Amino acid sequence: MTDKLMTEEEVVGRLRSGMTIAIGGWASRRKPMSIVRAMVRSDLTDLVIVTHGGPDLGLLCAAGKVRKAVYAFVSLDTIPLEPHFRAARQAGAIEDEPLDEGLFHLGLQAAAWRLPFLPSRAGLGSDLLRDNGRLRTFTSPIAGPDGEVEELVAMPAFRLDASICHLNRADRRGNAMFLGPDLYWDDLMLQAAPSGGRFISAERIVETDGLRDEGCIHQMRISRMMVDGVVPAPGGAHFTQCEPDYPRDEAAQGAYAASARSPEAWAAFRAEWIDIPEAAYQRKVREGA
Amino acid sequence: MSPHVTRAEVCVVAVAECFRGDGELLANPIGTIPMIGGRLARATFEPDLAMTDGEATLIANDRAVVPPDQRVIEYWNPYRSMFDWVWSGRRHVMMGASQVDRYGNQNLAAIGDYARPKVQLLGYRGAPGNTINNPTSYWVPNHSPKVFVEKVDTVTGIGWDRAAALGQGARYVAVRRVVSNLGSFDFETPDRRMRLRSVHPGVRVDDVVAATGFELAVPADVPESRLPTPEELELIREVIDPEAARERELPDPG
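Here the protein sequences line up with chains P and W, keeping their order. The first sequence begins at 1 in my numbering and counts up by one. The second sequence begins at 1 in my numbering and counts up by one.
Because the hints were derived from the structure by calculation, they are not lab data. Note that the structure is predicted; figures quoted are calculated from it, not measured. Ideal Cβ positions, reconstructed from N, Cα and C, are used throughout, including at glycine. Among the hints, a few may not be true.
[As the list claims (entries may be wrong)] With the Cβ distance kept under 8 Å, some of the chain W side facing chain P (calculated, not the full set):
id, residue
1, E55
2, A56
3, A60
4, V86
5, Q120
6, G123
7, Y124
8, T154
9, V155
Bound conformation, chain W alone:
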C-alpha cells in the first residue's frame, strides 16, 4: 500500500468525522467522497449508523457502491420513506452546495436572479425540509470564491442566521460541518459564523482564506486535518472504495 495519503483520502476521513457521535440514525452523505466517508465512519467508530444504497434500500455493506445482488438489505427505503427520517430528525444529511455562505446558507437551485437565472441548477430539491428538520453538513470538492460566497443567490438550505431569525420554529436546525478539498469547517463561534476547523495537509491557511469569498473565522492555531490511521487507510483502499472512485472525484494535487 502506498504510504502517500491522497487529498481525497484526507477528505474521506474529514467526512467520516462529521458523523462522529451520531449513534443510531440515517447517515445520508450524497456524492462519491461523502458516501465513502460515511461508510468509513460506520466501519470504525460509529457502527450503529444506518446508510442507503443510494436508491431504495438501507444496506449493511461496507463497500460504497454495491452491485444490487450483493447488497445486505436491512430495510426497504423508497424515496417516500426518506421523509419519515427527515421529519423525525433521525437523519444527518451531507449535501452538495453550488454556493455556501458564512452562516451555512446553501444554494442548489439557480445562479443569478432566481426569476430569470443565469444558470439553472437542480432545484430546491429537499434542502428546505432537510435543513429545518435534521442535522446537515456540506461537501464542496471545488473550494473557490465562486462557491464560498458572501451571500448565496438563492437560499435553498437554511443557515444559522436564518435559523436565528426564525426562533423556535428553527429549533431542529443544526448545520454542522462543511468539508472541502482544502479544509474542514464548522460553526462553533459565538455568532455561528463559519470557522476554519482544520486545513488539509499541504494546504496553507492563506490558501483557504484566498479561496473564500467571505471573512472566515480563523483561530490563531489551525490544526492540520488528521490523516487516516493504517486501519482506516486499508479499509478505504481495500474494502470501501477498491475502484478508487474517490481519486476521480478529487484528483490528488500531488
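Chain P on its own, in the form it takes in the complex:
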C-alpha cells in the first residue's frame, strides 16, 4: 500500500520552472494556499497557471512566478477584482490566455479523456477567438439535433504538468472528500494531469475506514487513482473559504489585497505572511483570531 503523505516543500520539490500547473478551488474558495505559499518561497519561475483564479494566481503574480495565466475570471469574491493579477496584467508582466468558463471545463475534460479537443459553440462571434490563439473553429462533420451543419469551436485539451487542490478530508493513500457546497473542478483537474504530478492538501487526514463517517458517499469524489501526493494541511486554504471547516478570513484577505498598493506594502506583507514556515503562519492565524 502506497503512503502518499508529504509536505508542502516536497510537493514544490517535484515541480519545475516552466511547468503548466492547474490550481483547484474557485476564486477565493478552497484554494491550496499552503502549497501556493511554498511555491512563492521557492525558486520556481516561468510558470503557466491554469485556474478559476483567485489569490492563488494573484500571489504567484506578485511574486513574479507567472509567465502566463490561463483563466476565465480572476476574483476574490468579496473583492470583485484581484488586485495583484490586475497589476501584473496592466504592467504587461504576464502573458494572457483567456477562456470562457465552459471552455475551461471542456479543456480539462478533454485532457482527462486523452482527447485532442472537445467541441462547443462558446466563443463564436466573440473576441475570445482573437485573444486566445489556441482556439480553432471547424465545420462539424455531423449535423446538429435540428439538422443544421455548423461551425463549432474546438477547445484544445490542456497540457498540464501538475495539478494542486485542497480538500476537506483525505486518507494517506489519496482518497479525498469535499464537504462544502461545491467540488468545483478539482476532480477533473486531478484527472487532467499526468501521473506523478497530482497533489492534494487536506484539512484533516483520516483512516480510510473513517472517511464515510465524515460526510456522505456523494462527497467521496477524489479517488487515490487521481492522486500522487497528500499534504496534511489544517488551515491550508486560509485565508480563502473552506466550508464547513472555516469561512473566508475577510480581514486577512483585505490585508492581502491592500498589499497590492505599492512594492513596499507587498514586501511587508510577504515578510509577515509568506516568508515564514507554514506552522508559524497557522500559529499567527490562530493567535490573531
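Given the coordinates of chain P, work out where chain W should sit on it, guided by the hints.
Okay, now just chain W, sitting in the frame of chain P:
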C-alpha cells in the same frame, strides 16, 4: 409604507419584466437589483422560474438573500451544473456590463487594448458561452457614455450584429433587454439596434440620449417605466429585500 417609489424599486420592476414569458427555466440575474427583480417576477407573474441562491443550490425562497439554514432547496446546482442549463438553452442570464454597445455587445474583460489593458477587469467569465447559447439581458446601474459606448473594447458577450454575421451558428442568440438606472432598452428594431423602451419616472428622454455614447433608436413616444403595483411594492419591501440592499446599490436621486 412610504408612497414614494424609489428609482431602485422602478429598476426592480423593469428587471422583473425582462423575465415575463420565460415560463419554466433558470432565471439567473447576477447582482443585487437583478436578483431582487428576478425574485419579484417569480413571486408574481412567472411562478415557474427556477432561481439560484447565488451559489450551489436552486432555492424556492422569495427573499433575495437567504441565510443557508433557511434556504428551501429544490436542486443541488454546483457551478459545473450551470453549463447544463446554459448549453441546453434553459436559462435566461442577466449579466453586468462594463461596456455595452448599440447591438448589445458586452465587455467584461478589459478596458483599452486587450493585449496590454489600461484596466484589467474580471475576464471573459462565461459571457461567450452564455450569449451564444441562452437568452441574455444586462443590468447597468451607472448609465453613462463610458458604459454605453460606440464600440466595446473587447467583445465578451456577443450582440446582434455579431450574431447576424455568424448566421446559423448563432441561432440561439437572444439579447433581450438592457435595464439601466435611467431606463429600459430592447432590440426590437429592424436592424436590431438598441431602442429606448421606457424612461424611468423623473428621467427625460434627452437625459438618456446625453448619457449614451451611440445613437439610440428613440420612438416618437417613449413611455415611462411602469411603477410597482401596491402588491409588488409590499413584496419588494417586506419579503424580498427587507434590508433595502437595492437602495445601497442604487441610491434614490430624490
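Numbers of unmet hints, in rising order
3
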